[in-house]
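Chemist: Those sequence lines, one after another, are chains C and A. Just so we're aligned, residue 29 is where the first sequence starts under my numbering, counting upward by one. Just so we're aligned, residue 17 is where the second sequence starts under my numbering, counting upward by one.
It is possible that part of the hints are untrue.
Stated by the list, open to error - Capping the alpha-carbon separation at 25 Å, the derived lysine-lysine pairs in DSS-like fashion look like this:
| no. | chain 1 | residue 1 | chain 2 | residue 2 |
| --- | --- | --- | --- | --- |
| 1 | A | Lys-121 | A | Lys-19 |
| 2 | C | Lys-94 | C | Lys-83 |
| 3 | C | Lys-69 | A | Lys-85 |
| 4 | C | Lys-69 | C | Lys-94 |
| 5 | A | Lys-124 | C | Lys-69 |
| 6 | C | Lys-92 | C | Lys-48 |
| 7 | A | Lys-19 | A | Lys-85 |
| 8 | C | Lys-83 | C | Lys-42 |
| 9 | A | Lys-19 | C | Lys-69 |
Rather than coming from a laboratory, the hints here were simulated on the basis of the structure.
Spelled out from the first residue to the last, the chains are:
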Amino acid sequence: GAVVSQHPSWVICKSGTSVKIECRSLDFQATTMFWYRQFPKQSLMLMATSNEGSKATYEQGVEKDKFLINHASLTLSTLTVTSAHPEDSSFYICSSSTRDTQYFGPGTRLTVL
Amino acid sequence: DAKTTQPTSMDCAEGRAANLPCNHSTISGNEYVYWYRQIHSQGPQYIIHGLKNNETNEMASLIITEDRKSSTLILPHATLRDTAVYYCIVRPQGGAGSYQLTFGKGTKLSVIP
């Protein structure tokens, strides 16, 4: 149980385009989902906390207009990187939370050319 | 959240027990100890968590000292597939799972043939 999927697993896009990443909790409903970013040889950094049916809460320094988060159902959250630039290239990881534990997706490798 | 201190790296011989220490001397009474691991280029994997009693599951055992200021994750028979970065995190439980996880640098465990 507690399986979280992400799609796509990797994506390459041109600078200025937008990319959408989906995060799904497959076998449980998650009121809260989280989005993290990880640069090479660094630890995970929380970007935002997403609650179903409400606006996401962004961490300091994360642009909410650039990283659009939609959490329309208890099993699906999406992260859209708008007008992507090479510095947005990173490993994006989502997690879904039960009452006491977060379960992570496999991650999405984004490369912006 | 309370901060944790872990060794940067450790080696373990294949088939032997891997004992990963974590110091969390400022842990609060309502904070749990969580362990995750991240294999290269994958999302973090939940291992185990506990409050004050020792815990065991199919993956590992968690030993928490009586004063709760430190803990040890034990992988009883390490395999090459256990090579990963192991993160010890403390956080409150409950609140509909809305508490975030703060990742430190973790311990890079290398299992050696």
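Chemist: Are the Cα positions of Lys-92(C) and Lys-48(C) separated by 25 Å at most?
Modeler: Given that 25 Å is the threshold and the Cα spacing comes to 14 Å, the pair holds.
Chemist: CA of Lys-94(C) to CA of Lys-83(C), is that 25 Å or under?
Modeler: holds (14 Å)
Chemist: Does Lys-85(A) lie within 25 Å of Lys-69(C) when you go C-alpha to C-alpha?
Modeler: Roughly 28 Å separates the two Cα atoms, so the pair is violated.
Chemist: Starting from Lys-124(A), check that the Cα of Lys-69(C) is at most 25 Å away, please.
Modeler: Holds: Lys-124(A) and Lys-69(C) sit about 11 Å apart, inside 25 Å.
Chemist: Measure nothing beyond the straight line between the CA atoms of Lys-19(A) and Lys-85(A); if it is 25 Å or shorter, mark the hint as holding.
Modeler: Within the cut-off at roughly 11 Å; holds.
Chemist: Compare the distance between the alpha carbons of Lys-83(C) and Lys-42(C) with 25 Å, and conclude whether the hinted pair is satisfied.
Modeler: Between Lys-83(C) and Lys-42(C) the Cα gap is close to 28 Å, so the pair fails against 25 Å, i.e. violated.
Chemist: Please work out if Lys-69(C) and Lys-94(C) have their alpha carbons no farther apart than 25 Å.
Modeler: Satisfied, since the Cα-Cα distance of roughly 24 Å is no more than 25 Å.
Chemist: Can the restraint linking Lys-121(A) and Lys-19(A) be considered satisfied, given a maximum Cα separation of 25 Å?
Modeler: The hint holds at about 11 Å.
Chemist: Holds or violated: Lys-19(A) with Lys-69(C), Cα cutoff 25 Å?
Modeler: With a Cα-Cα distance of about 20 Å, the restraint between Lys-19(A) and Lys-69(C) holds, given a limit of 25 Å.
Checked against the numbered hints above, the structure breaks hints 3, 8 and satisfies the rest.
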